[in-house]
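Visitor: This is what each chain is made of:
Protein chains: 2
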Amino acid sequence: MLFKKIGIIDEDYKHRPDMYVGTEGDRITYISSDAPEDEARFGDTYDGNGKVLMPGFYNAHGHSPMSLMRGYGENLPLDRWLNDRIFPFEDKLYSDAVYWSTLMTMAESMRFGIVSTTDMYYFTGDMVKAVTQAGMKTNISRSVTNFGTPVEDSVGFKEMKEAIRAYHNTDEGRVKVDASAHAEYTNDIAMLEAISDAAKEYGVNMHIHLSETEKEHKECIERHGKTPAEVFYSVGAFDVPTTAAHCIWVTEHDLDIFKEKGVTVASNPVSNMKLASGMCNVVPMYKKGINVAIGTDSSASNNSLNFFEEMKIFALTGKVTSMDAAAMTPQQVLRSASRAGALSQGRDDCGLIKEGFKADIIAVDVTGPNMCPSDDLPNDLIFSADGKDVCLTMVDGKVLYKDGEYTTIDIEKARFETINAKKKILSCL
Amino acid sequence: MLFKKIGIIDEDYKHRPDMYVGTEGDRITYISSDAPEDEARFGDTYDGNGKVLMPGFYNAHGHSPMSLMRGYGENLPLDRWLNDRIFPFEDKLYSDAVYWSTLMTMAESMRFGIVSTTDMYYFTGDMVKAVTQAGMKTNISRSVTNFGTPVEDSVGFKEMKEAIRAYHNTDEGRVKVDASAHAEYTNDIAMLEAISDAAKEYGVNMHIHLSETEKEHKECIERHGKTPAEVFYSVGAFDVPTTAAHCIWVTEHDLDIFKEKGVTVASNPVSNMKLASGMCNVVPMYKKGINVAIGTDSSASNNSLNFFEEMKIFALTGKVTSMDAAAMTPQQVLRSASRAGALSQGRDDCGLIKEGFKADIIAVDVTGPNMCPSDDLPNDLIFSADGKDVCLTMVDGKVLYKDGEYTTIDIEKARFETINAKKKILSCL
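If you read the sequences in order, they're chains A and B. Mapped onto my numbering, the consecutive letters of the first sequence carry residue numbers 10 to 438. Mapped onto my numbering, the consecutive letters of the second sequence carry residue numbers 10 to 438.
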């Protein structure tokens, strides 16, 4: 595709108006203020009038099938939400329900400009089927909890390894499989060590929850005399590239560990506020040079995948938790929303509008009254744009969403089947 | 207009599917699950398939013309933002710039479902002209700061009274004019007393800033031995219905004053986080029975008027500041977004979908993937809907916005003139 006379957010996160951007196959192969001589090689053209191209969003922490539980059991304390609503519902989940809800989640993701998700759940095969059909990218993981079950008896651990063997680096590399320990408090040390060893053996990344609540953080210290980050460090989890979700209650020493081991922090500001877990102050993390990415968490605790909203609240959270209106540059925030997530997924050639990089691109309509007048476009995209200003989402050079149309998903059928699956599960409760 | 087979958020903030809602003139005159016998009297019909009607939003605190400064001077500390950017820019403001930017702000407001704004600025005549043309509602005020100027020499005070005399209860009551003391720290006691006396004399409401920053709050106590709320109480400001914006640093005694005098708190969560002023904990305010409304503040510190986003962040803020995931019911939040603002503006017959009430209504598309599956629609409208899911905005029975079209505003001309006005001002700096 050739995008003509379009604004772009370039690799330095600066706005450059009236550019030409060409994609061939799955790559960006042309970026210039001049029109290319041979337009034909890029295939279709796209009129960039009133639009801006930016890197698609890398959602650094999600649980896609949980969109089935969107709004289910709202406004309850965390323990009642989990025990009375989420766990009984999940107990009735079945293969097709996971497939359809993941497909619907992919539709919502691309609608809001997300191109890839670092995803953690179970029913991995059904999720991979949906993501592959959608044409999206994922670093997926079958998350392990053992609660004392011996390593050799853990179904979760077995399924985690099977998922890696079956799906890692499939669908032309769009699907990667990570190892995953759900969290410190849901696993014993033997299991954490086994998972870490498996990650190293298979050469895959790690995805965990870490210090989401004060209770979890404090109880870990009581249990082990170490913070969750220190526990994961000691079992060797961080010897592979790791994404640690939440990281609200972390210590200065935890941050030093993240820096030393190259751990990515996936901050989930909306979910953290909604579940009253707290607010992650990412400003000191930036100062230390830690790779900070942004996640939505699941739609059950958000309750949407509106990544423009998430990015704005991420920026607001950094400002208010550090009590500094000047904290968080637009460049930091935009990088966290795209490039930082791509790097955390081991996709070094993704997450920037740059020649030779994968064509994971979104086009944003900047003609709405919410963008008028515009002052500095990178900043305006963070604070003024609306989620539904996204008018095109492209992954690996293929248009997946454009102006209300989903090219890989029968949206009416997906909606019907998702609603149906939820009804079916509720009827068993 | 007759809305047919449409979901509604009723006066108890419950969802009722498949309803018929009819408007005649500026009122809602028919609500039933049965079709009316004489459809013709309602004029046009509206197919409610996939849509939900809810009360339009009452934006309880804004500075409309400041959309001109959207994104101007971002990511600076508050004092540099004001002194280096906002104040010099405002010094060059002129009549037409205010008119066009207010008109553009009205377009953005209706696009996001806002029907009325409690607005504070100067150039009141130009603002009224724009709001009236747009067909929107406003409680507008010419805000007074005196910084020691004697009452009789204050241009602001003179203009405030002139604005009340000229525009209060004009445009069929859509335009009301409030008295306004900008804040305690920008006025001396004599001026605060004079403004309060004028409000009582003219029988109008009061609009003020209160305890937005810790500095302002503490310096007031040093100056007067009283909190800002206590100062306003002592000068008689609260003897008329008052909207107090921000209220972040208020004390228990301040809340008792609000309750006693019926003061409305206008919470502005996005602006407060963005300027790193802090976060307003509204949960104790609800518990005391205080009227809590929601404001966007200006686009210069937000930087949009996306009221769905504001409502969500308002709810998130209440949950996280009280560290209680169960805090803030959907009914409380929706009431704060609509009815509470209408009451604060002295519009007792506004802010609910109810027979006999003014037809200030928005229709929301609930078929997007962000709303699938839906569980409890009032909750989903707060946490899952996107600002641009608004597909119709009606004020006093007149459709102002529908499916991308603005019926009272030449949007292209407004955009052109707003951008031009900004360029003109920048060229003088």
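Worth flagging that the hints you see were computed from the coordinates, not collected in a lab. There could be a bad hint or two in this list.
One copy or two, either will do: identical chains are not told apart, so a pair holds if it fits within one copy or between any two.
Stated by the list, open to error - Here are the simulated lysine to aspartate or glutamate pairs, DMTMM-like style, with alpha carbons at most 20 Å apart:
hint, residue 1, residue 2
1, K432, D384
2, K13, D197
3, K433, D384
4, K270, D19
5, K101, D384
6, K433, D385
7, K138, E223
8, K363, E414
From a predicted model like this one, the values you see are computed outputs, not experimental measurements.
Visitor: Confirm or reject each hint.
Guide: Hints, one by one, checked against the model:
Within a single copy, K432 and D384 get their C-alpha atoms only as close as 47 Å, which misses the 20 Å cut-off; across copies the closest is 11 Å, which meets it. Neither within a single protomer nor between protomers do K13 and D197 lie at most 20 Å apart by alpha-carbon distance, with minima of 56 Å and 58 Å respectively. Only between protomers do K433 and D384 lie at most 20 Å apart by alpha-carbon distance; the minimum there is 14 Å, versus 50 Å within a single protomer. Neither within a single protomer nor between protomers do K270 and D19 lie at most 20 Å apart by alpha-carbon distance, with minima of 29 Å and 54 Å respectively.
With identical chains, the CA atoms of K101 and D384 are at most 20 Å apart between copies only, with a shortest distance of 17 Å across copies and 51 Å within one. Only between protomers do K433 and D385 lie at most 20 Å apart by alpha-carbon distance; the minimum there is 17 Å, versus 49 Å within a single protomer. When the C-alpha separation of K138 and E223 is checked against a cutoff of 20 Å, the pair qualifies neither within a copy, at 37 Å, nor between copies, at 53 Å. In this assembly of identical chains, the alpha carbons of K363 and E414 never lie at most 20 Å apart, being 26 Å within a copy and 37 Å across copies at closest.
Hint compliance for this structure: hints 2, 4, 7, 8 are not met, and every other hint is.
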